[in-house]
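Read in my numbering, the sequence shown has 350 at position 350, and its numbers run on one by one without any break.
Wrong hints could be hidden among the right ones.
Stated by the list, open to error - No more than 20 angstroms apart at the CA atoms, straight line, and that leaves these computed lysine to aspartate or glutamate pairs for EDC-like: (1) K71 x D102; (2) K299 x E185; (3) K302 x E382; (4) K99 x D46; (5) K100 x E148; (6) K158 x E148; (7) K100 x E250; (8) K3 x D46; (9) K339 x E318; (10) K400 x E185.
Hints listed in this document are in silico derivations from the structure and should not be mistaken for laboratory results.
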Amino acid sequence: MEKAFKILRQPVCDSCLGRQYAQLLSGYSNVERGRILRSSVAMHIDNEETKHELDMSNFSGYDFHNLEMLKPAAKKCSVCDGLLENIDKLAKGVSRKAKKYDFRTFLIGTKLSFDLLSREEELWERIGVDDCEPLKAELNREVGKRLEKLMGKKFDAKRPDISFLLDLNENRVEAGVNPLFIYGEYQKLVRGIPQTKWPSGKYKNSVEQIIAKPFMKASGGKIHKLHAQGREDIDARCLAWRPFVLEITEPRNRSLNLKTLSRKIGKGVRIRGMKFCSVSDVRKLKETKSDKTYRAVVKCEKFLQKKDLAKLKHLVSEVRQKTPHRVLHRRADLTRKRKVKALSARYVNRNTFLLTVRGEAGLYIKELVSGDEGRTSPSVSEILGNQCRCKELDVVKIHK
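Assemble the whole structure, with the sequences as input and the hints as a guide.
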(Lines of atoms letter the chains of each structure in order from A and count residues from 1; the text may use other names and numbers.)
(Lines give C-alpha, C1' and ligand atoms only; values in the text may rest on other atoms or scores of the structure.)
Protein backbone atom coordinates (compact mmCIF):
# COMPACT_ATOMS: atom_id res chain seq x y z
CA MET A 1 0.00 0.00 0.00
CA GLU A 2 2.99 2.29 0.41
CA LYS A 3 3.05 3.00 -3.32
CA ALA A 4 -0.63 3.96 -3.36
CA PHE A 5 -0.10 6.33 -0.44
CA LYS A 6 2.74 8.03 -2.35
CA ILE A 7 0.58 8.44 -5.44
CA LEU A 8 -2.39 9.87 -3.51
CA ARG A 9 -0.35 12.71 -2.05
CA GLN A 10 -1.45 14.51 -5.21
CA PRO A 11 -4.90 14.51 -6.86
CA VAL A 12 -5.10 11.46 -9.15
CA CYS A 13 -8.00 9.95 -11.11
CA ASP A 14 -8.91 6.25 -10.90
CA SER A 15 -7.34 5.52 -14.30
CA CYS A 16 -3.98 7.06 -13.45
CA LEU A 17 -3.95 5.39 -10.02
CA GLY A 18 -4.85 1.96 -11.40
CA ARG A 19 -2.44 2.31 -14.33
CA GLN A 20 0.52 2.22 -11.91
CA TYR A 21 -0.58 -1.37 -11.08
CA ALA A 22 -1.55 -2.34 -14.65
CA GLN A 23 0.63 -5.48 -14.71
CA LEU A 24 -1.20 -6.94 -11.69
CA LEU A 25 -4.55 -8.80 -11.67
CA SER A 26 -5.74 -9.60 -15.19
CA GLY A 27 -9.37 -8.97 -16.03
CA TYR A 28 -9.59 -5.54 -14.43
CA SER A 29 -9.55 -2.17 -16.13
CA ASN A 30 -7.28 0.54 -14.79
CA VAL A 31 -10.35 2.41 -13.55
CA GLU A 32 -11.42 -0.67 -11.57
CA ARG A 33 -7.92 -1.14 -10.13
CA GLY A 34 -7.82 2.53 -9.16
CA ARG A 35 -11.21 2.41 -7.47
CA ILE A 36 -10.18 -0.67 -5.44
CA LEU A 37 -6.92 0.97 -4.33
CA ARG A 38 -8.57 4.28 -3.48
CA SER A 39 -11.22 2.54 -1.39
CA SER A 40 -8.57 0.46 0.39
CA VAL A 41 -6.59 3.59 1.29
CA ALA A 42 -9.81 5.35 2.36
CA MET A 43 -10.65 2.50 4.77
CA HIS A 44 -7.10 2.53 6.11
CA ILE A 45 -7.08 6.25 6.94
CA ASP A 46 -10.63 6.11 8.32
CA ASN A 47 -9.53 3.31 10.64
CA GLU A 48 -6.42 5.18 11.82
CA GLU A 49 -8.22 8.54 11.87
CA THR A 50 -5.24 10.27 10.21
CA LYS A 51 -4.75 11.80 6.75
CA HIS A 52 -1.14 10.58 6.19
CA GLU A 53 -0.24 13.76 4.22
CA LEU A 54 -2.62 12.67 1.47
CA ASP A 55 -4.41 15.09 -0.82
CA MET A 56 -7.91 14.59 0.58
CA SER A 57 -9.53 15.76 -2.67
CA ASN A 58 -8.83 12.17 -3.77
CA PHE A 59 -11.65 11.10 -1.42
CA SER A 60 -14.29 13.71 -2.21
CA GLY A 61 -16.86 11.00 -2.90
CA TYR A 62 -16.33 9.10 0.36
CA ASP A 63 -18.24 9.37 3.65
CA PHE A 64 -15.77 8.64 6.45
CA HIS A 65 -17.08 7.14 9.68
CA ASN A 66 -14.26 8.00 12.08
CA LEU A 67 -12.17 10.61 10.31
CA GLU A 68 -13.52 14.07 10.94
CA MET A 69 -13.03 16.47 8.06
CA LEU A 70 -14.87 18.80 5.77
CA LYS A 71 -15.83 17.23 2.45
CA PRO A 72 -13.21 18.49 -0.03
CA ALA A 73 -13.98 19.44 -3.62
CA ALA A 74 -12.61 17.16 -6.33
CA LYS A 75 -9.55 18.40 -8.22
CA LYS A 76 -8.29 17.74 -11.71
CA CYS A 77 -5.91 14.76 -12.01
CA SER A 78 -2.29 15.85 -11.59
CA VAL A 79 -1.07 13.17 -14.04
CA CYS A 80 -3.42 13.21 -17.05
CA ASP A 81 -4.86 16.69 -16.37
CA GLY A 82 -8.39 15.26 -16.71
CA LEU A 83 -7.70 13.79 -20.14
CA LEU A 84 -8.81 10.25 -19.27
CA GLU A 85 -12.18 11.56 -18.14
CA ASN A 86 -12.73 12.81 -21.71
CA ILE A 87 -12.08 9.59 -23.65
CA ASP A 88 -15.51 9.79 -25.31
CA LYS A 89 -14.76 13.30 -26.55
CA LEU A 90 -11.41 12.18 -27.97
CA ALA A 91 -13.01 9.19 -29.69
CA LYS A 92 -15.68 11.39 -31.29
CA GLY A 93 -12.96 13.68 -32.62
CA VAL A 94 -11.27 10.69 -34.26
CA SER A 95 -14.58 9.42 -35.67
CA ARG A 96 -15.23 12.78 -37.38
CA LYS A 97 -11.89 12.44 -39.15
CA ALA A 98 -12.49 8.75 -39.87
CA LYS A 99 -15.76 9.36 -41.71
CA LYS A 100 -13.77 10.70 -44.67
CA TYR A 101 -12.23 7.26 -45.28
CA ASP A 102 -13.32 3.76 -46.23
CA PHE A 103 -11.72 1.19 -43.93
CA ARG A 104 -12.43 -1.97 -41.96
CA THR A 105 -9.55 -2.00 -39.48
CA PHE A 106 -7.68 0.76 -37.69
CA LEU A 107 -4.88 1.58 -35.25
CA ILE A 108 -4.72 4.44 -32.75
CA GLY A 109 -1.54 6.28 -31.81
CA THR A 110 -1.03 9.23 -29.49
CA LYS A 111 1.49 12.06 -29.40
CA LEU A 112 1.53 13.42 -25.86
CA SER A 113 2.26 17.05 -25.03
CA PHE A 114 5.50 17.87 -23.24
CA ASP A 115 3.45 18.80 -20.16
CA LEU A 116 1.76 15.38 -19.97
CA LEU A 117 5.07 13.56 -20.50
CA SER A 118 6.64 15.61 -17.72
CA ARG A 119 3.77 14.89 -15.31
CA GLU A 120 4.10 11.15 -15.88
CA GLU A 121 7.90 11.24 -15.55
CA GLU A 122 7.61 13.13 -12.25
CA LEU A 123 5.23 10.50 -10.87
CA TRP A 124 7.52 7.64 -11.90
CA GLU A 125 10.48 9.36 -10.26
CA ARG A 126 8.55 9.28 -6.97
CA ILE A 127 7.08 5.76 -7.13
CA GLY A 128 9.17 3.80 -9.67
CA VAL A 129 7.98 2.13 -12.88
CA ASP A 130 7.37 -1.45 -11.71
CA ASP A 131 3.96 -2.78 -12.86
CA CYS A 132 3.14 0.54 -14.59
CA GLU A 133 1.57 1.15 -17.99
CA PRO A 134 2.34 4.38 -19.90
CA LEU A 135 -0.43 6.95 -20.30
CA LYS A 136 -0.03 6.73 -24.07
CA ALA A 137 -0.81 2.99 -24.08
CA GLU A 138 -4.00 3.47 -22.07
CA LEU A 139 -5.16 6.31 -24.31
CA ASN A 140 -4.58 4.27 -27.45
CA ARG A 141 -6.48 1.29 -26.07
CA GLU A 142 -9.42 3.17 -24.58
CA VAL A 143 -9.95 5.48 -27.57
CA GLY A 144 -9.71 2.39 -29.78
CA LYS A 145 -12.45 0.63 -27.81
CA ARG A 146 -14.75 3.65 -28.07
CA LEU A 147 -14.10 3.98 -31.80
CA GLU A 148 -14.97 0.32 -32.34
CA LYS A 149 -18.37 0.96 -30.76
CA LEU A 150 -18.93 4.29 -32.50
CA MET A 151 -18.10 3.10 -36.02
CA GLY A 152 -18.41 -0.68 -35.99
CA LYS A 153 -14.80 -1.00 -37.13
CA LYS A 154 -12.14 -3.36 -35.78
CA PHE A 155 -8.94 -2.41 -33.94
CA ASP A 156 -5.90 -4.13 -35.54
CA ALA A 157 -2.42 -3.49 -34.19
CA LYS A 158 -0.64 -5.55 -36.88
CA ARG A 159 -2.07 -4.70 -40.31
CA PRO A 160 -4.64 -1.90 -40.05
CA ASP A 161 -6.21 -0.27 -43.09
CA ILE A 162 -5.71 3.14 -41.51
CA SER A 163 -3.83 4.66 -38.56
CA PHE A 164 -5.02 7.67 -36.58
CA LEU A 165 -2.61 9.82 -34.58
CA LEU A 166 -4.01 11.89 -31.73
CA ASP A 167 -1.65 14.85 -31.59
CA LEU A 168 -2.42 16.32 -28.17
CA ASN A 169 0.28 18.94 -28.58
CA GLU A 170 -1.41 20.46 -31.64
CA ASN A 171 -4.93 19.34 -30.67
CA ARG A 172 -5.56 17.59 -33.99
CA VAL A 173 -6.08 14.14 -35.50
CA GLU A 174 -3.88 12.91 -38.34
CA ALA A 175 -4.79 9.98 -40.58
CA GLY A 176 -2.32 7.67 -42.27
CA VAL A 177 -3.96 5.45 -44.86
CA ASN A 178 -2.07 2.23 -45.38
CA PRO A 179 -1.63 0.94 -48.95
CA LEU A 180 -4.04 -1.43 -50.61
CA PHE A 181 -2.42 -4.66 -51.85
CA ILE A 182 -4.10 -6.76 -54.54
CA TYR A 183 -2.69 -10.08 -55.73
CA GLY A 184 -3.25 -11.43 -59.22
CA GLU A 185 -1.62 -13.00 -62.28
CA TYR A 186 -1.15 -11.36 -65.67
CA GLN A 187 -0.43 -12.26 -69.28
CA LYS A 188 1.28 -9.77 -71.58
CA LEU A 189 -0.02 -10.56 -75.07
CA VAL A 190 1.81 -7.89 -77.07
CA ARG A 191 5.42 -6.91 -77.60
CA GLY A 192 6.90 -3.47 -77.15
CA ILE A 193 5.65 -2.43 -73.71
CA PRO A 194 7.66 -2.58 -70.47
CA GLN A 195 6.40 -4.20 -67.29
CA THR A 196 6.56 -0.97 -65.27
CA LYS A 197 6.26 2.71 -66.10
CA TRP A 198 9.43 4.32 -67.49
CA PRO A 199 10.31 7.60 -65.71
CA SER A 200 11.74 9.01 -68.96
CA GLY A 201 8.41 8.64 -70.73
CA LYS A 202 10.05 6.69 -73.59
CA TYR A 203 7.17 4.21 -73.51
CA LYS A 204 3.67 5.66 -73.28
CA ASN A 205 2.21 2.56 -71.66
CA SER A 206 3.22 -0.39 -69.51
CA VAL A 207 1.75 -3.55 -68.03
CA GLU A 208 1.58 -1.74 -64.70
CA GLN A 209 -0.36 1.23 -66.09
CA ILE A 210 -2.80 -0.96 -68.02
CA ILE A 211 -3.58 -3.06 -64.94
CA ALA A 212 -3.67 -0.15 -62.49
CA LYS A 213 -5.96 2.21 -64.42
CA PRO A 214 -9.40 0.84 -63.40
CA PHE A 215 -8.24 0.07 -59.85
CA MET A 216 -6.88 3.59 -59.35
CA LYS A 217 -10.11 5.13 -60.59
CA ALA A 218 -12.24 2.96 -58.30
CA SER A 219 -10.04 3.36 -55.21
CA GLY A 220 -9.17 7.03 -55.56
CA GLY A 221 -5.58 6.17 -54.68
CA LYS A 222 -2.60 8.47 -55.24
CA ILE A 223 0.22 6.26 -56.52
CA HIS A 224 0.41 2.69 -57.84
CA LYS A 225 3.27 0.23 -57.98
CA LEU A 226 3.49 -3.22 -59.55
CA HIS A 227 5.46 -5.91 -57.72
CA ALA A 228 5.93 -8.98 -59.92
CA GLN A 229 7.64 -12.35 -59.73
CA GLY A 230 10.33 -11.55 -62.26
CA ARG A 231 9.90 -9.63 -65.49
CA GLU A 232 9.92 -10.26 -69.22
CA ASP A 233 11.86 -8.13 -71.70
CA ILE A 234 10.05 -5.24 -73.36
CA ASP A 235 10.06 -7.03 -76.74
CA ALA A 236 8.94 -10.35 -75.24
CA ARG A 237 5.45 -11.64 -74.57
CA CYS A 238 4.46 -13.37 -71.35
CA LEU A 239 1.96 -16.05 -72.34
CA ALA A 240 2.39 -17.69 -68.95
CA TRP A 241 0.46 -16.29 -65.98
CA ARG A 242 2.92 -14.17 -64.00
CA PRO A 243 2.09 -13.55 -60.29
CA PHE A 244 2.04 -9.91 -59.19
CA VAL A 245 0.84 -7.61 -56.42
CA LEU A 246 -0.61 -4.20 -57.24
CA GLU A 247 0.08 -1.67 -54.49
CA ILE A 248 -2.12 1.44 -54.27
CA THR A 249 -1.16 4.18 -51.82
CA GLU A 250 -3.66 6.32 -49.88
CA PRO A 251 -6.85 4.74 -51.27
CA ARG A 252 -10.06 6.58 -50.39
CA ASN A 253 -12.14 3.52 -51.18
CA ARG A 254 -11.10 -0.01 -50.20
CA SER A 255 -14.39 -1.76 -51.00
CA LEU A 256 -13.55 -2.77 -54.56
CA ASN A 257 -15.30 -5.33 -56.74
CA LEU A 258 -12.16 -7.02 -58.04
CA LYS A 259 -14.00 -9.27 -60.49
CA THR A 260 -15.75 -6.34 -62.17
CA LEU A 261 -12.59 -4.23 -62.31
CA SER A 262 -10.62 -7.13 -63.81
CA ARG A 263 -12.89 -7.02 -66.84
CA LYS A 264 -12.00 -3.36 -67.47
CA ILE A 265 -8.32 -4.02 -68.19
CA GLY A 266 -7.10 -2.53 -71.47
CA LYS A 267 -5.99 -4.44 -74.56
CA GLY A 268 -2.73 -6.33 -74.61
CA VAL A 269 -2.89 -7.54 -71.00
CA ARG A 270 -5.11 -10.07 -69.23
CA ILE A 271 -5.38 -10.68 -65.49
CA ARG A 272 -6.95 -13.35 -63.30
CA GLY A 273 -7.21 -14.52 -59.69
CA MET A 274 -7.43 -11.05 -58.17
CA LYS A 275 -7.71 -11.00 -54.37
CA PHE A 276 -6.79 -8.69 -51.51
CA CYS A 277 -3.50 -9.45 -49.78
CA SER A 278 -0.91 -7.80 -47.53
CA VAL A 279 2.63 -6.42 -47.69
CA SER A 280 3.94 -9.81 -46.55
CA ASP A 281 2.75 -11.26 -49.86
CA VAL A 282 5.00 -8.77 -51.67
CA ARG A 283 7.99 -10.12 -49.76
CA LYS A 284 7.01 -13.71 -50.55
CA LEU A 285 6.62 -12.82 -54.22
CA LYS A 286 10.07 -11.25 -54.41
CA GLU A 287 11.67 -14.17 -52.59
CA THR A 288 10.10 -16.83 -54.84
CA LYS A 289 12.46 -18.10 -57.54
CA SER A 290 10.69 -20.18 -60.18
CA ASP A 291 11.93 -22.03 -63.25
CA LYS A 292 10.57 -20.64 -66.50
CA THR A 293 10.02 -22.16 -69.91
CA TYR A 294 10.71 -19.94 -72.92
CA ARG A 295 9.99 -20.29 -76.61
CA ALA A 296 12.28 -18.42 -78.99
CA VAL A 297 12.40 -17.91 -82.73
CA VAL A 298 16.13 -18.17 -83.49
CA LYS A 299 17.81 -16.75 -86.60
CA CYS A 300 21.25 -17.96 -87.74
CA GLU A 301 23.86 -16.14 -89.87
CA LYS A 302 24.96 -19.29 -91.76
CA PHE A 303 22.81 -21.97 -93.28
CA LEU A 304 21.59 -24.58 -90.84
CA GLN A 305 20.93 -28.29 -91.32
CA LYS A 306 18.27 -30.13 -89.35
CA LYS A 307 20.83 -32.57 -87.93
CA ASP A 308 22.81 -29.66 -86.42
CA LEU A 309 20.07 -29.12 -83.85
CA ALA A 310 20.89 -32.44 -82.16
CA LYS A 311 24.08 -30.83 -80.83
CA LEU A 312 22.02 -28.55 -78.62
CA LYS A 313 21.42 -31.39 -76.15
CA HIS A 314 24.85 -30.49 -74.73
CA LEU A 315 23.39 -27.16 -73.64
CA VAL A 316 21.38 -28.90 -70.89
CA SER A 317 23.96 -28.13 -68.23
CA GLU A 318 25.23 -25.35 -66.02
CA VAL A 319 25.78 -22.11 -67.90
CA ARG A 320 28.12 -19.31 -66.85
CA GLN A 321 26.76 -15.87 -67.64
CA LYS A 322 28.44 -12.54 -67.11
CA THR A 323 26.08 -9.61 -66.79
CA PRO A 324 24.83 -8.99 -70.37
CA HIS A 325 26.14 -5.99 -72.27
CA ARG A 326 22.57 -4.69 -72.64
CA VAL A 327 22.06 -4.32 -68.87
CA LEU A 328 25.60 -3.46 -67.75
CA HIS A 329 24.63 0.21 -67.42
CA ARG A 330 22.27 -0.62 -64.53
CA ARG A 331 23.66 -3.84 -63.02
CA ALA A 332 26.98 -4.91 -61.52
CA ASP A 333 29.34 -6.86 -63.76
CA LEU A 334 29.11 -10.29 -62.14
CA THR A 335 29.37 -13.89 -63.29
CA ARG A 336 26.33 -16.00 -62.50
CA LYS A 337 25.83 -19.75 -62.79
CA ARG A 338 22.42 -20.86 -64.04
CA LYS A 339 21.08 -24.24 -65.10
CA VAL A 340 19.42 -25.13 -68.38
CA LYS A 341 17.11 -27.94 -67.26
CA ALA A 342 15.43 -28.95 -70.51
CA LEU A 343 15.67 -28.00 -74.18
CA SER A 344 14.12 -28.88 -77.51
CA ALA A 345 14.60 -27.43 -80.99
CA ARG A 346 12.44 -27.63 -84.12
CA TYR A 347 13.83 -26.91 -87.59
CA VAL A 348 11.91 -24.28 -89.59
CA ASN A 349 14.20 -23.43 -92.52
CA ARG A 350 17.89 -23.00 -93.35
CA ASN A 351 18.24 -19.90 -91.18
CA THR A 352 15.52 -20.40 -88.58
CA PHE A 353 14.50 -22.78 -85.81
CA LEU A 354 12.22 -22.76 -82.77
CA LEU A 355 13.93 -23.23 -79.43
CA THR A 356 12.08 -24.22 -76.23
CA VAL A 357 14.11 -23.91 -73.02
CA ARG A 358 13.35 -24.55 -69.37
CA GLY A 359 15.80 -22.61 -67.25
CA GLU A 360 16.53 -21.69 -63.68
CA ALA A 361 15.31 -18.29 -62.46
CA GLY A 362 17.65 -15.54 -63.65
CA LEU A 363 18.79 -17.27 -66.85
CA TYR A 364 19.24 -14.74 -69.69
CA ILE A 365 17.72 -16.45 -72.74
CA LYS A 366 18.78 -13.96 -75.42
CA GLU A 367 22.40 -14.31 -74.31
CA LEU A 368 22.03 -18.09 -74.06
CA VAL A 369 21.28 -17.94 -77.78
CA SER A 370 23.80 -15.31 -78.93
CA GLY A 371 26.64 -15.96 -76.49
CA ASP A 372 26.91 -12.19 -75.91
CA GLU A 373 30.43 -12.05 -77.38
CA GLY A 374 31.60 -14.88 -75.16
CA ARG A 375 30.09 -13.55 -71.92
CA THR A 376 27.67 -16.53 -71.82
CA SER A 377 29.13 -20.01 -72.19
CA PRO A 378 28.14 -22.50 -73.41
CA SER A 379 25.63 -20.90 -75.77
CA VAL A 380 23.60 -21.89 -78.83
CA SER A 381 25.97 -19.94 -81.09
CA GLU A 382 29.03 -21.58 -79.53
CA ILE A 383 27.70 -25.14 -79.81
CA LEU A 384 26.44 -24.74 -83.38
CA GLY A 385 29.49 -22.75 -84.52
CA ASN A 386 27.01 -20.37 -86.07
CA GLN A 387 26.20 -16.89 -84.82
CA CYS A 388 22.55 -16.89 -83.76
CA ARG A 389 20.18 -14.33 -82.36
CA CYS A 390 16.79 -14.41 -80.72
CA LYS A 391 14.29 -12.81 -83.10
CA GLU A 392 11.19 -13.37 -80.93
CA LEU A 393 10.85 -14.51 -77.34
CA ASP A 394 7.88 -15.67 -75.29
CA VAL A 395 7.60 -16.81 -71.68
CA VAL A 396 5.30 -19.83 -72.00
CA LYS A 397 5.34 -21.26 -68.47
CA ILE A 398 6.26 -20.17 -64.95
CA HIS A 399 6.76 -23.31 -62.92
CA LYS A 400 5.37 -23.34 -59.37
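Hint check results:
Annotation: proposed proximity of K71 to D102 is violated, straight-line Cα distance about 51 angstroms (limit 20 angstroms). Taken as a hint, the K299 and E185 pair is broken in the structure, with Cα atoms around 31 angstroms apart against an allowance of 20 angstroms. As the CA atoms of K302 and E382 are separated by approximately 13 angstroms, the hinted pair is consistent with the 20 angstroms bound. For the hint linking K99 to D46, the alpha-carbon distance of about 50 angstroms lies beyond 20 angstroms, and the restraint is violated.
Straight-line distance between C-alpha atoms of K100 and E148 comes to about 16 angstroms, which keeps the hinted pair within the 20 angstroms bound. Proximity of K158 to E148 is assessed by CA-CA distance (about 16 angstroms); at most 20 angstroms being required, the pair is judged to hold. As the CA atoms of K100 and E250 are separated by approximately 12 angstroms, the hinted pair is consistent with the 20 angstroms bound. Of the pairs offered as hints, the one joining K3 and D46 holds, with about 18 angstroms between alpha carbons and a cut-off of 20 angstroms not exceeded.
The hinted pair formed by K339 and E318 meets the criterion: a straight-line CA distance of about 4 angstroms does not exceed 20 angstroms. Between K400 and E185 the alpha-carbon distance is near 13 angstroms, which keeps this suggested pair within the 20 angstroms criterion.
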